[in-house]
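**Q** Sequence:
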Amino acid sequence: MLGKTSSNIIVIICMIIAIIALLFIALARNSTLPRQASYEVFRYLAAQETNLKTIEFDETVSDNFKIKYLPSDEEYIGVVAQGAERAHQEVSEFFGKKPIDDQTVIIIYPNTESLAASFGWDKDEKAMGVYWGGTIRLLSPREWIGRGDLKEEFYYKGPIVHEFAHLLVDDMTRGNYTRWWTEAVAQYVEKQITGFEFQNPFRHGNKIKLYELSVLERDFDNLDQQIAYWQSLKIIEYIVDKHGKEKVFEILEFLGEGKNMTQALEKSLEIDINTFEQQYTQYIKNH
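So for the sequence shown, the UniProt record's numbering puts the first residue at 1; every next one is plus one.
Careful, some of the hints might be misleading.
Said to hold, decoys possible - Subject to a maximum C-alpha distance of 30 angstroms in a straight line, what follows is the list of computed BS3-like cross-link-like pairs (lysine-lysine):
#, residue 1, residue 2
1, Lys98, Lys242
2, Lys267, Lys191
3, Lys245, Lys267
What the hints contain is simulated information worked out from the structure, not anything from laboratory work.
Note that the structure is predicted; figures quoted are calculated from it, not measured.
Given only the sequences and the hints, what does the whole structure look like? Please build it.
**A** Structure below.
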């Protein structure tokens, strides 16, 4: 157990690392510094901050993961490890890519408050899983898992497939993606592998009202989340249905080369962004 002084020092160091990481994000967006270089520095700094914040956590290592947790969650670590390895195999096969890092860090938080606190969120923010900076953070299965087959419950009803998909999006694009796009890809992969998808927010027959793409791109987190997530998934389903699944990965590759979202979409689909928006809007309303 760390003493109070040591804990305070760690907090200060974490704050410094976080500030430096944010500066590198700003630098990457507003300078000629190669994106790949700034991205790698950011990932390194994020990893160091995470290691310091979880220095007192226990640790279990599997083939492709380093899982950090508190003693209260030890009984679930085998389930987490097996589910994570399964996600690694199936999601990597789906993408045709493996993660950049040999081992991905997973951190298990005992409750929603501690998970939210790890990001500086309000304590009332609820999430089962979050990907950020090369690390997957999960709410303890103890908080949500049922009494059935724990392995199947964790894999099919938990967030591991979704969050691992976020990791591969981040890797392939070198951090160059928008919120709506990474949520679109993660939801699509999750639906294909586990069958899970959010309910249609317009399922009761009320008129479909979609966000303009510019709004979705600029203000995703402040929109009605049910609509924003659902619309994002439907956009990528339009791309797959009308242009082919390979276009999704081509767009990711163009983003990895440094193109912005509009440029990547237009180059891959060979249509201008306004036509793209008109076509997917009509597609969604017809489906």
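**Q** Check the hint pairing Lys267 with Lys191 against an upper bound of 30 angstroms on the C-alpha distance.
**A** holds (26 angstroms)
**Q** Are the Cα positions of Lys245 and Lys267 separated by 30 angstroms at most?
**A** holds (15 angstroms)
**Q** Please work out if Lys98 and Lys242 have their alpha carbons no farther apart than 30 angstroms.
**A** holds (27 angstroms)
Going through the hint list in order, the structure satisfies each hint without exception.
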